[in-house]
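**Q** Sequence:
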Amino acid sequence: MLMKSLAQELAPMRIRVNAIAPGAIRTPINAEAWETPQACAELMKLVPYQRVGEPSDIAQAGVWLASDASDYVTGTSLYVDGGMTCFRALRTASEAAGLQGTTPPCTRVTPHMLRLRSTCGSVGRLPESQFQTRAPVGWAKIGGLGIGRLWRSPVCAKPHIPCIVPRATRRQTMSTSPASSAIESVLVENRVFNPPAAAVQGARIAGMAAYQALCDEAERDPQAFWARLARENLAWTRPFTRVLDESNAPFYRWFDDGQLNVSANCLDRHMGTPVEGKTAIVFEADDGTVTRVSYRELLARVAQFANALKAQGIAKGDRVVVYMPMGVEGIVAMQACARIGATHSVVFGGFSAKALQERIIDAGAVAVVTANYQLRGGKELPLKAIVDDALALGGCDTLKTVLVYERTPTAWNKVAGRDKTFAEALAGQSTDCAPVPVDAEHPLFILYTSGSTGKPKGVQHASGGYLLWAKLTMDWTFDLRPDDVFWCTADIGWITGHSYVAYGPLAAGATQLVFEGVPTFPHAGRFWQMIEKHQVSIFYTAPTAIRSLIKAADTDEKVHPKNWNLQSLRILGSVGEPINPEAWMWYHRNVGGERCPIVDTFWQTETGGHVITPLPGATPLVPGSCTLPLPGIVAAIVDETGKDIPNGAGGMLVIKRPWPSMIRTIWNDPERFKKAYFPEEMGGTIYLAGDGAVRSVDRGYFRITGRIDDVLNVSGHRLGTMEIESALVSKTDLVAEAAVVGRPDDVTGEAVCAFVVLKRSRPTGEEAKAIAAELRAWVAKEIGPIAKPKDIRFGDNLPKTRSGKIMRRLLRSIAKGEAITQDTSTLENPAILDQLAQAN
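Here my numbering is used: the first residue of the sequence shown is 296, the next is one more, and so on.
Warning: the hint list may mix true and false statements.
Restraint-style ranges between C-beta atoms, simulated for each label pair [claimed, not checked]:
{"hint": "1", "residue 1": "D727", "residue 2": "R533", "range": "40 to 48 Å"}
{"hint": "2", "residue 1": "T703", "residue 2": "N489", "range": "46 to 54 Å"}
{"hint": "3", "residue 1": "S1056", "residue 2": "G673", "range": "35 to 43 Å"}
{"hint": "4", "residue 1": "E976", "residue 2": "R1104", "range": "43 to 51 Å"}
{"hint": "5", "residue 1": "A680", "residue 2": "A544", "range": "19 to 27 Å"}
{"hint": "6", "residue 1": "R533", "residue 2": "A711", "range": "22 to 30 Å"}
{"hint": "7", "residue 1": "L676", "residue 2": "T936", "range": "47 to 55 Å"}
{"hint": "8", "residue 1": "G567", "residue 2": "S1025", "range": "51 to 59 Å"}
{"hint": "9", "residue 1": "S1056", "residue 2": "A680", "range": "32 to 40 Å"}
{"hint": "10", "residue 1": "A544", "residue 2": "G673", "range": "45 to 53 Å"}
{"hint": "11", "residue 1": "D851", "residue 2": "A680", "range": "32 to 40 Å"}
{"hint": "12", "residue 1": "A729", "residue 2": "N489", "range": "30 to 38 Å"}
Straight-line C-alpha distance at most 25 Å; calculated PhoX-like pairs for lysine-lysine [said to hold, decoys possible]:
{"hint": "13", "residue 1": "K1026", "residue 2": "K938"}
{"hint": "14", "residue 1": "K695", "residue 2": "K674"}
{"hint": "15", "residue 1": "K1085", "residue 2": "K674"}
{"hint": "16", "residue 1": "K750", "residue 2": "K1076"}
Calculated directly from the structure, the hints in this document are not laboratory data.
Beta carbons are placed, not taken as given, at the ideal position from N, Cα and C, and that holds for glycine.
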């Protein structure tokens, strides 16, 4: 009766009431009294409360605050839409914790009660015998403009007491228990944004019922589901009869007796339709010059370049490395390879000669397609010279040809007999080139991503399944419409630039914007200026870019998005890393004008396309959550044995069934493929994403909590710590040892932190700064600027066990500025921890 009366009383105020557990103290709620100072005063009598700036220890008050997702707390949480929070104080089992329980009336926490502080911390699950007091974690605002964050604490001064912690320091932490690989869930986010009516109307997937219908279809008969989609969305030169071959799992094969051509599906199939004369690419150069290319013109350019490749002796099955700036030419080169059945491997233009050399060798590339220079931020940056340096390192014995696009008139070194300009290669070549049919499982591309062992992994994708998912996710995730102008800001050197620049938009017949430059040149309003200029309707970028532009707008009002007309936008997207709720809200409010759904997409190089994402016309949005899997994707959260974990608890993200765009293998290393993605401990057939995740208790929404290995995610780019360590140690005149870890960073998501032991005495002061600068420059040269350590600390040695193993978890704590709570009994040199903590 009480719950019914509460629900009836609070329904007009849009308040959600959680179930009250048996045995809890039930106090009637007088909603009218919530506004009164007297009610606020009553609660303040029961909770030690002091004014802003003075600490108050909730734990010692004996008041248990109910958390929406807590498995420790018995009681009720009431949340008010718009950001107000009500807490019910309960007596329940507080005596067992050695506290004196209290039962105040349930009262709205008003702006008169702004800040409280707790001595509890969220640092992982430990046995009860190891509970220990943690340093204060900070301040939280409750009520007013936003709900404060209630994190439950697995480790507290007293067992089972949740904490309130500040909105600005929401973090996810991996368990420090050596017996568990689970990831602790600490984020509580209750703001919900339903799809606006304009997004639902006419959407490809309109409403959750339509979404569920597709999921049900995939569940009932997965093979029939995928067969239908493949036949409806792709043009086949030889229709398939087999959908999925699982006989050699995890080396799954999709549509493998069918044939098609990827380039024909992106270009030729649009000829004779209204798309033929439509603008395919709007290219804005670094200096603002704009070029438009129609689908008809793009097909002619791709066919001509395909003929040029064939004239160099490049044929079906050959590998071609593409080392190009952002622009039409890079897309043309990729499509031309696909047209003749050559497998391309695009290498990001910021990578070093050494990184390029390793990829040329591993792929067995016969040609490199590059440019003399690239233009970024008003600067000319060499590309061809880096190719020369890579080849000079040796070992690239398969390579015969280098084709050079002369992006600028600046002179460059031309090697006779090997190098040709685009103009020379294209001279006399026809603009007609018949597409070569290939098997659906034919390798479309190899894209290298850093691995935790240091050797880059060549992720191989197949032609048919990959293109199907690129096309479908363009339609579903972005709800693509004929008059849309789509802009994905990613470089073609990354998987996002493959799926949502080079292939997906073209397969879907979209008009897309391609940008050569950077978001801060000539000013930090460049993105907003371009959205207005080109009437962009779908904008897809990385949280790193968003955070950097937030900083710019905060410091210079002239570059704030409000200074441009962004009314053309209807959908926003986020990619590359989890977006924190604060950045999500800024993006929603200042860029989307509170009217544009944000599709927070989770996927990987290995998945080929989105796997967990909101749908703009269907999914209620929660900031910081990628929400639900796409139809046909069977995602779950498991422990280290593969056993499902209940909602609310953190674990490892897996996908339990194969899907068409999944990685096929690691090039030249099938055993590494099986070990990395399909571990035997989980049965050998379930895909392990390598990310931690948690599902919300109420909606089952997924939230990604971070990597579970030693791969760093810097600005959305995955970098292996071993590669960076190897680069540091290769500075043989200076460095004896190095260890690299990550720490949270407001702009890049994760920052590279290096702990270095020199071959001479530990430097301090100005000498340390000079050597750190030298090492950063060295890493930039060896790997690329993205890998430069943000922090470098020098020590006499590194924390090691007696067996010689570096204790990286201790270094992570030092990098984050956390107190060392882990067991250090096996350390050979415990004094080094204080030295490294003080070094800077």
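**Q** Next step is simple, just say for each hint if it's right about the structure.
**A** How the hints compare with the structure:
1. D727 <-> R533: 40 to 48 Å: 22 Å, violated
2. T703 <-> N489: 46 to 54 Å: 50 Å, holds
3. S1056 <-> G673: 35 to 43 Å: Holds, since S1056 and G673 (Cβ atoms, about 42 Å apart) stay within the stated range.
4. E976 <-> R1104: 43 to 51 Å: 21 Å, violated
5. A680 <-> A544: 19 to 27 Å: About 45 Å separates the Cβ atoms of A680 and A544, which means 19 to 27 Å is violated.
6. R533 <-> A711: 22 to 30 Å: This hint is violated: roughly 43 Å between Cβ atoms.
7. L676 <-> T936: 47 to 55 Å: About 48 Å separates the Cβ atoms of L676 and T936, which means 47 to 55 Å holds.
8. G567 <-> S1025: 51 to 59 Å: 56 Å, holds
9. S1056 <-> A680: 32 to 40 Å: 37 Å, holds
10. A544 <-> G673: 45 to 53 Å: 51 Å, holds
11. D851 <-> A680: 32 to 40 Å: 35 Å, holds
12. A729 <-> N489: 30 to 38 Å: 50 Å, violated
13. K1026 <-> K938: Distance ~45 Å between K1026 and K938 Cα, so the pair is violated.
14. K695 <-> K674: Distance ~30 Å between K695 and K674 Cα, so the pair is violated.
15. K1085 <-> K674: Holds, because 23 Å separates the two Cα atoms, which is no more than 25 Å.
16. K750 <-> K1076: This hinted pair holds, its Cα atoms lying about 17 Å apart.
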